[in-house]
Each structure stands twice: as C-alpha cells, then as structure tokens.
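Produce the complete structure using the sequences and hints provided.
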Amino acid sequence: KAGVTQTPRYLIKTRGQQVTLSCSPISGHRSVSWYQQTPGQGLQFLFEYFSETQRNKGNFPGRFSGRQFSNSRSEMNVSTLELGDSALYLCASSLRQGDEKLFFGSGTQLSVL
Amino acid sequence: DAKTTQPPSMDCAEGRAANLPCNHSTISGNEYVYWYRQIHSQGPQYIIHGLKNNETNEMASLIITEDRKSSTLILPHATLRDTAVYYCIVRASYSGAGSYQLTFGKGTKLSVIP
Chain A
931 KAGVTQTPRY
941 LIKTRGQQVT
951 LSCSPISGHR
961 SVSWYQQTPG
971 QGLQFLFEYF
981 SETQRNKGNF
991 PGRFSGRQFS
1001 NSRSEMNVST
1011 LELGDSALYL
1021 CASSLRQGDE
1031 KLFFGSGTQL
1041 SVL
Chain B
62 DAKTTQPPSM
72 DCAEGRAANL
82 PCNHSTISGN
92 EYVYWYRQIH
102 SQGPQYIIHG
112 LKNNETNEMA
122 SLIITEDRKS
132 STLILPHATL
142 RDTAVYYCIV
152 RASYSGAGSY
162 QLTFGKGTKL
172 SVIP
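Protein chains in written order, with my numbering: chain A, 931 to 1043; chain B, 62 to 175.
No lab work stands behind these hints: they were computed from the structure. Quick caveat, the model's predicted, so the values are computed rather than measured. Hints are not guaranteed to be accurate.
Unchecked claim - No more than 35 Å apart at the CA atoms, straight line, and that leaves these computed lysine-lysine pairs for DSBU-like: (1) A:K987 to B:K170; (2) A:K987 to B:K130; (3) A:K943 to B:K113; (4) B:K130 to A:K1031.
Put into structure tokens, the structure is as follows:
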C-alpha cells in the first residue's frame, strides 16, 4: 500500500507570492491533517479535514487555508507569503477523524526568499 | 492535553536497549500516551500508544508507571536506523467533537552510536 504522498518535495517562492501544496492520503484514509515544522517552533498543527470539511484549525492566520476533495486528497494554500512561512509542511492521514495512528508524508520544504 | 517533559538528547550503544523517559505528571484519566519518532528528512512515524497497561509491538515496548505520571519507551536492540527525534505525546481519546490534533513538544534526540 502506498504511503502518504506530498508534492512538490521542495519549493522556492518569494515574499508576497502564494503557494499550493498537495497531499494524497493512504488509500482508504478519509482524514487529512496538516502540520508546519520549523526549527524554532517545532511541529505545529494547521488544520484537519474529514469528509471534505475542515474539522479543526490551529492558531494560524487566515492566509493559511486548505481543502479536501471527494477522493480525500487535500491541498493547502498559503497566500501573501512571508519569510517566516519558510518551513517543512507535513501532511498526515488516518482512517477516520481522531484515529490513534497518523501516517505522515515526507513533507514539502518551502523556502520563502 | 497534558504537557510532557523529555530529556533533549540521549546516546545509546548499537545493540543495546534504548530507554527513553517521558514525564506527564498532569495526565488525566482519559488521556493516552503516544510515541512518535522523526528520522531526519522524513515525517513523524507512529511507534506505539497506551493508556495504563504496558504495551508491546514489533517496534518497541511502552512502560507506564502505575500512577501514570511517567512512561518509558524501550527499543530493545537499538540500531543505527533508530537514530531520530522521539516525541512523547499525551492526548485524550476521541469524543466525537472538539479539537483533536497531536501536540508535539521538542522530543528527545536519540543518537545510536556504533
């Protein structure tokens, strides 16, 4: 069974641009969560989607948004990029909302110049 | 969710058991202890979780003290591939509502030495 796939693996953007990151969960998994990882703040929860609806949201500004499609694939979007948005963005999937085990992808490394 | 305290780093000789401690003195009765690890350049990987009984799977063993205020993750025969950051997380069981994310701390950086 294929794992969680995130694309692209690396991305370089400049301040003010916007970016869309993609996540394909493990087949059959319906819940997708997004996390941001930086050296200073560690891993921080962004949001969780289940059945195409955002169920939970972390403490991030409205520039961070996401969505989930009917096939459970998810995208997250960051608008008006800032230097501080440089981070590893991780997607995790699970069979259902609140599942004990999360399966993480390898992440998208975003650099904002 | 209860806060956890872990040592920032530990070393372990290859082939020996690695014992990673975690303190969670404010844990509530419905909160589970989870362990994840993150190998460099990869996403976190689930290892094991438990409520109050000791647990064992193919990766590790989890020992939770009787008062549940601390736990130890045991990797019985550490290999170089076990070098990673290990996160101890405490989280309540899913109630069907409310916020339900994992809250990661800084974890313990385990270095397995040849």
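Hint check results:
Between K987 of chain A and K170 of chain B, the direct Cα distance comes to roughly 28 Å. Compliance with the 35 Å bound is thereby established for this hinted pair. The hinted pair formed by K987 of chain A and K130 of chain B meets the criterion: a straight-line CA distance of about 29 Å does not exceed 35 Å. The straight-line distance between the Cα atoms of K943 of chain A and K113 of chain B is roughly 47 Å, outside the 35 Å bound, and the hint therefore fails. Between K130 of chain B and K1031 of chain A, the direct Cα distance comes to roughly 22 Å. Compliance with the 35 Å bound is thereby established for this hinted pair.
Hint compliance for this structure: hint 3 is the single one not met.
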